[in-house]
Amino acid sequence: MAVNTIQPPGPAWTDPDIDMGHKLMAFERRARLIHALQVLVVWIVIVILLLFTLALLDFDPAYVLKHYSFVLQGMWVTIGVSLASIFFASILALMGALGRLSHNPVAQGISGFYVSLIRGTPLLIQIYIIYLGLPQIGGRLTALGYPQLGGLFILNELQAGILALSLNYGAYMTEIFRAGIQSISFGQSEAAAAIGMSSWQTMKRVILPQAVRVIIPDIGNQFIAMQKDSALVSIMGVWETTFRANRLARQESKFIEMLLLAALLYWLLTIVSSWLEGRLERRLAHAYER
Amino acid sequence: MQKISLALTVMVIASFVLGACGGGAPAEAADKLQEVKNRGVLIVSTDPAYPPQSELVENPTRASDTKCSSDQHTGDELRGFDIDTSKEIAKRLGVEACFVTPSWDLIIAGSWADRWDISVGSMTVTPERMEKLYFSLPYYTTPAAFFVHTDNTLTAPAELSGKTIGACTGCTYDFFLAGTLQIPGETMNYVVQNPVFKGYETDLNALQDLALGDAVRLDAVLTAQPTGAGAIADGMPLKQLGEPVYFEYLAAAIDKSAGKNPVPLADEVSKIIKAMHDDGTLLKLSQQYYGLDLTTAAEAFDLAALKQW
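Protein chains in written order, with this note's numbering: chain A, 7 to 296; chain B, 27 to 335.
Read the hints as simulated data drawn from the structure, not as lab findings.
Hints are not guaranteed to be accurate.
Going by beta-carbon spacing under 8 Å, a handful of chain B positions derived as facing chain A [said to hold, decoys possible]:
1) Leu82
2) Pro128
3) Ser129
4) Ala139
5) Glu185
6) Gly188
7) Ala331
A quick note: this is a predicted structure, and the numbers were derived from the prediction, not measured.
A virtual CB, placed ideally from N, CA and C, is assigned to each residue, including glycine.
Go ahead and model the full structure; you've got the sequences and the hints to work with.
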C-alpha cells in the first residue's frame with residue numbers, strides 16, 4: 007500500500023499560501039495603524055477638553071511664561087534626588103529580598119519588620135521623623151562622648167530627603183525583588199546545585215542575572231513614582247520643582263499658574279522616563295527573542 | 027554573602043559620613059557666638075513663602091567669593107525685609123549671612139541640631155515658643171488696630187464698647203476682644219469693653235463685610251495695621267480708628283538646645299538690633315518694604331521682662 011508523504015521542498019519550491027500570509031500581515035499592520043490613530047484621536051479630544059476646562063480657571067499665562075525657567079531649574083534637583091534615592095533603594099531592596107528569602111531567622115525578622123514598618127507609615131511622616139528625630143539621637147550620643155557617631159545622625163535637608171525616599175522605596179521594592187527572584191524556576195537552582203555551586207554562587211551567577219530582567223521594568227515604574235514623591239522633600243527647603251513653584255506662587259498669589267506648571271513639568275519628565283524605560287526593557291528582552 | 031552586604035552597608039554609611047562632615051569649625055569654639063565668628067558665616071533660616079518679608083529672587087548671581095556652602099543660599103538668592111535685616115545683623119557680627127529654607131513648621135519646632143544658627147523670620151514672641159527658643163530684642167512689630175467704615179464718626183477705639191466687631195476666629199485679635207490675650211513683655215489694655223464678637227475665616231472676609239457699609243454687618247474690624255492699610259490701598263472704603271491698641275512683637279530666635287551655649291549670640295544679636303533701631307536702619311527698611319513705621323514700637327520692648335536666662 008502506497009503511502010503519500012509530503013515531498014521535501016526543493017530550492018525552487020514556494021509555499022502556495024505565501025500570498026495569503028502576506029495579505030494577512032498587511033491587513034494586521036493596517037488594523038494596528040488604524041487602532042493607534044484612533045487612540046491618538048481620543049488623546050487629542052481629551053487634551054482639547056482639558057484646555058477648555060483650564061480656560062474656565064482664572065489663569066494668567068503671562069506669569070507662567072515669565073517664571074517657568076526658574077521652576078525648570080528645580081527639575082535637575084528633582085532628577086538628582088530621584089536617581090540617588092532609587093540607587094540606594096535598590097541596594098536596600100536587594101538586601102531586604104535576600105533577607106526575606108533566606109532561612110536565617112534574624113535576616114528574615116529584620117527584613118520582614120522593615121517592610122512592615124515602612125509600608126505601614128506615610129512617607130511625609132517618615133521625612134519629618136528623619137529630619138527632626140535623628141538629630142536628637144545624635145545630640146544625645148554627642149553628649150555621651152561620641153561626637154563622631156553623633157554627627158552621623160545630623161543630616162542636612164538633601165541627605166534626610168534621600169534617606170527617607172530610599173528607605174521608603176526600598177521597602178516597596180523589597181517585595182518586587184523577592185517576586186523577581188522567586189520567578190526564576192526552581193530547576194535553575196537545582197541544576198546549579200548539581201554542578202556543585204554553593205547557594206551564594208547560585209544566587210550570584212544563575213538566579214540574579216535572570217531575575218534582573220524581570221525586576222528592571224518594575225524599578226523603572228518605581229523611579230517614575232519616585233520623581234513625584236520627591237516633591238515631599240520641599241518641606242525641608244530643598245529648592246526642587248515643587249518648592250520653587252510654590253514659593254513663586256506666593257509672590258503674586260498665582261497658585262493655579264505655578265501648580266499647573268509644576269504638574270506639566272512632572273508629567274513631561276515621567277513621559278521621558280517611561281520612554282527610556284521602554285527602550286531598556288526591549289533591550290533586555292533581546293536575549294530572549296526568537 | 028555576609029562580606030558583600032557588610033561592604034554595601036559600609037558604603038552607604040560612608041556616603042552619609044562624607045556628606046555630614048562638610049561643615050566642621052576649624053577651631054573649637056567656647057560658645058555659639060564664637061563658633062559663628064570662627065566660621066565666618068551666620069546661617070539664617072527663612073521660609074521664602076512670605077513676601078514682602080522673604081521671597082525668592084529669580085536668576086540670581088551667586089557671588090564667587092561666598093563662604094556659603096553649596097546647600098546654603100547666599101543673600102543674593104533671596105530678598106525681603108527679613109533678608110535685609112539678616113544681612114545687616116551678619117555684617118555687624120563681621121560675618122556673611124547664608125540662608126537655609128526649611129518650612130515654617132520645622133523652624134518653630136525647635137531642636138535645630140545646629141543646622142542653622144538663627145531664625146530671622148518675623149516670629150511672634152509667644153510663651154509656647156519661649157519653651158524651645160530664645161528671642162532677641164524684637165526688630166519690628168505687627169500693630170493691631172481697629173478699622174471702621176469711612177462713614178463712621180467715632181474718634182477713639184474706646185467708643186467701640188458694646189459694638190459688633192469682626193476678626194479672624196482663633197487668632198490674637200479674637201483673644202484680645204475676649205480680654206484673654208497675653209503677650210510676653212506687654213501689659214494689655216483692653217480698651218473695648220463687652221464687644222459683640224463676630225468670627226471670620228480670615229481677616230479679609232471681615233474687612234469685606236465691613237466695606238458693605240457702616241454698621242451694615244459690622245461696626246469695626248480688629249486686624250493687623252498692614253493688612254488694613256493694604257485693603258484701603260486696594261480701594262475699600264475704610265479708615266483706621268485711632269492708634270494701634272496693642273503690638274505683636276516679632277523677633278529673631280535662637281535654638282535653646284544648640285550644641286554650644288547660645289546665650290552670648292542671643293545677647294549680641296539683641297545689641298545689634300538695638301543699634302539698628304537707634305541709627306534708623308530698621309525704620310528705613312520698614313518704610314522701604316511696608317511704607318509704614320513698624321519698628322519704633324519694637325525698640326521699647328522690655329526684653330529683660332521675658333526672664334529668658
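Hint check results:
no. : hint   : in the structure
1   : Leu82  : 5 Å, holds
2   : Pro128 : 4 Å, holds
3   : Ser129 : 5 Å, holds
4   : Ala139 : 3 Å, holds
5   : Glu185 : 36 Å, violated
6   : Gly188 : 37 Å, violated
7   : Ala331 : 30 Å, violated
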